[in-house]
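Novice: Quick mapping for you: the protein sequence lines, in order, are chains A and B.
With the first letter of the first sequence counted as 1, position 514 gets the number 517 in my numbering; the numbers rise by one all the way through.
With the first letter of the second sequence counted as 1, position 240 gets the number 281 in my numbering; the numbers rise by one all the way through.
Careful, some of the hints might be misleading.
[Unchecked claim] Pulled a few chain A residues facing chain B out of the computed Cβ check, cut under 7 Å:
1. 459
2. 462
3. 471
[Claimed, not checked] 27 Å max Cα-Cα, derived DSSO-like pairs, lysine-lysine:
4. 144/B x 390/A
5. 392/B x 332/B
6. 144/B x 486/A
7. 117/B x 390/A
8. 205/A x 339/A
9. 151/B x 117/B
10. 210/B x 252/B
11. 269/B x 345/B
12. 147/B x 162/B
Everything labelled a hint here was simulated from the structure, so no lab data went into it.
Predicted, not measured: the structure shown is a model, and the values here were computed from it.
For glycine and all other residues, C-beta sits at the position ideal for the given N, C-alpha and C.
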Amino acid sequence: MPLDVSIILTNEESVFRGTFNLRNIKMTKVLKEPLLLITLLLIFLALGFFVLYPMASVLTYPGLHDFLSVPKNPRYLRAIYNTFIMVMLSTSSAIIVGFLFAYTFTRTNVPLKKMFRILSLLPLFSPPFMISFSYILMFGRNGLISYTLLGHRFDIIGWHGLWLSETIAFFPLAALIMEGVLQSIPPSLEYAGRNLGATGLKLFRTITLPLARPGVAGAALLVAIYVLADFGNPIMIAGSFTVLATEAWARVSGWGDVTGAAVLTSILLMPALLFFLFQRYWVGKRQYTTITGKVTLMDIPPTKGYVRWSLFIFCTIFSLLILCIFFGLIAGAFTKGWGFDYTPTLKHWQHVFSYSKPLTNSLYFALIAALVSSSFAMVSAYLVSRKTFIARRALDFAAILPAAIPGVFFGIGYSLSFNTPPLDLYGTSLIIIFSMIFWNIPIGYQTAYGGFQQIALSLGEAASNLGAGSLRIFWDIELPLLKSAYISAFIVSYIRAVTTLSVIIFLVTSTNIVATFQILNLVNDGFIGQGAALTTALLLLTFLILSCARLLFGRKIELFKI
Amino acid sequence: MPEIHIRIRNLIKRFGDVVAVDKVSLEIERGSFTTFLGPSGCGKTTTLRLLAGFYSADEGEIFFGDRCVNHVPSHKRNATMVFQDYALFPHMTIFENVSYGLKIMKLQTKEIEEKVEKTLKFLGLEGLRDRTPGMISGGQQQRAALARSLIMEPEVLLLDEPLSNLDAKLRVNIRAELRQIQKSLGITTVYVTHDQEEALAISDSIAVMNKGKVVQVGPPWEIYYRPKNTFVADFVGIANFIHGRVTEITSQDILVNIEDQLLTLMNHQYQASTGQRVVLNIRPETILMSKQLPESHSNVFSGKIRTHTFVGQFIRYWVTSGSREFIVDLHDPSSTGILDGDVYLQLPSPKLHLLPAEDWQ
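Okay, chain A solo, but in the shape it has when bound (with noise of 0.2 Å):
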């Protein structure tokens, strides 16, 4: 996710520095250091190979007709406009869910906040298609909760299951993106407002809201990107409701039709792009994060028992819907049929260890594109920070470009791109890893770049007047320092690797078959149990390597962190 932090530098003359310093070390400084030419080059060229070359790929794979044509065809039509009302709809509903959450932790003294907040984490720890299998368990027509229980066969399935599923997956988000804005507004502007006689709703309207008003709006143009490439939720639980990223996958998987796929991504990639270059060169250039250390933390004055109580039951209720999601499916692991006979039993569990293949492939894949890819983008954020270059600022956009790429788009790319010479890796797991790591270049470099513009660079300087090399300023001083921002790059790139099934769906074949994959057509075949099963081991893979670093490296590592 794009984070913008920047560094207010007080003193007149050191913002002066901050300004110019980068054009100072000079091009023929770099041009002296034959290494990192070295280095320089090769991250353009995979860069290049990796991201732009697969993009071009897809836009260039329909011709001019099959693009004009699109008015035409009616399906094609039905995506667009259900892709624009799902976002908008689940755009809205997050972001409001989101901010009262933010504003509860941040702003009440609302019973229980500190449990609501780490549920709300929850979701982004998990695969994206969980939420809407594990409603389905709970709501949908033989649901537990529907069914079994209130005896009603409501069903699930449509366009507001998948509101519902997106709302709850990526509000998460939001709340997080907030809950930064929130603290960022400094508590003596709260109280100056009180103290000139504004309270409660009118302290609200008129200072916490406008101040946290660009927040708010860069958090939402990052949710519409998540639901715009979103593909898990809607192919489980939107069924007849299909959008783009839905639509896409069926015409490959139906009909064969890779033209239309890529040009039904194509449509896709646009918005996405829009969204992401308005959210970081318009709203993101105007949060400051001032990393002085020092949280002005003044006491939160009483809030009113009626907004404390309202907001504790609003916050309970998505905290249960969260809660359901694994509770749905740690149930359905061990249930010998759902919605009919609940007995337990074990028998999922050993057809998930009989049949391991694709779960060892998900955790050996995430592994290795993890570790690639935070490194990768730990060396050029380093580049880009601390050095001078010509196309300095290309290497920056490359660098965080797939994070506006849909992943259905990503992943068609590289089925394009690398399954043909010159580099035919059809089937192989390196094309799986591949489009791992480049897809979450992103998370890493953004840590880094945030990690780099926090150490102050008379470090640096200080290292290099005592005879130090840029190898070993980069080795003695900011690697030492960069260390948790590097592992918590590697956690969150790992998560989103394992988890994944847009940009592998295109990818997959018997051969480096992964987890989300096999869950996806055990679900479609209606192996329930098993599906549930397969997805509970994954979510405990994530937890166990979550775990193991906390165990390592202690507190330090703050994930998801704005």
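Got chain A; can you put chain B on it based on the hints?
Specialist: Frame of chain A; chain B shown alone:
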């Protein structure tokens, strides 16, 4: 004749369209303590960084002795720097910080150990070698940063506002300490500050900078009492300015017509000519103020106290006299109490300083 150690010749540094250092030429004596003083953005830090080798000059030369260092990388200039924010490596202990440069020089472990021990002791940091920078006080951090620079036995020591992050009392103490260390080691030191009091107190020589140019170089006394222009007079200390026109010049005195009266000032070999427009400058603490009309009638103004502020060691008065306003500092307020109402001001003729009016801002 003292030896010139650092020679800066027509130094120019541009950042985009901004000329940060504009044709600076300067000579710094070996073993001296020289301060670059000026407001924010005057180019003082940039000049220091050019000396350190963090920036490369666009034009002009820098000589250390007779060696041109323009293309010598930072660590080969034998000029170490103490940073404004100290730039202590936060993930290393004080020992690791201080020994960092020696390790890069690949010195023997034993030698490093000895040197660090000696330096830490010299700076009173013995007990802190295993602490990290976050665990020691600001003053200690400052000394640790100094230790890291001094241990390299530099030929030139560069200090970039090293005291600005300390509180007022500590600043004065460390200032004196710093000066003493510098004198005992005899290292040529270049210091950057925007604090004029600090500059006056610590330096052998001050280079006042403005808009990328050096506007005056000289010992603190000269900078304070004999500023070359109104910028220096105004930036260093508080100055009263009076506009006028020279009417008569003798070897002893200069007479200046300031419209309502003639002022006499002692001629300190000024290059003035009759009829020239000039600005007279006098420091607030040199003006005499009394309730009675002084016996000598020369350079006397009658005025009325508009307001005052009590600073402790002195009282500052704002006195209105016709269309002018004077700032007058009276020391030892305990003997006079706080004055008000009508007063007489007398400007002693040796204390008046003459500046050319051309550069009046």
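Novice: Each hint should be assessed against the structure and marked as holding or not.
Specialist: Do the hints match the structure? See the list:
1. 459: holds, 6 Å
2. 462: holds, 5 Å
3. 471: Cβ of residue 471/A sits 6 Å from chain B, so the hint holds.
4. 144/B x 390/A: holds, 25 Å
5. 392/B x 332/B: Roughly 21 Å separates the two Cα atoms, so the pair holds.
6. 144/B x 486/A: holds, 23 Å
7. 117/B x 390/A: holds, 21 Å
8. 205/A x 339/A: violated, 55 Å
9. 151/B x 117/B: Given that 27 Å is the threshold and the Cα spacing comes to 24 Å, the pair holds.
10. 210/B x 252/B: Roughly 31 Å between the alpha carbons, so the hint for residue 210/B and residue 252/B is violated.
11. 269/B x 345/B: violated, 31 Å
12. 147/B x 162/B: holds, 23 Å
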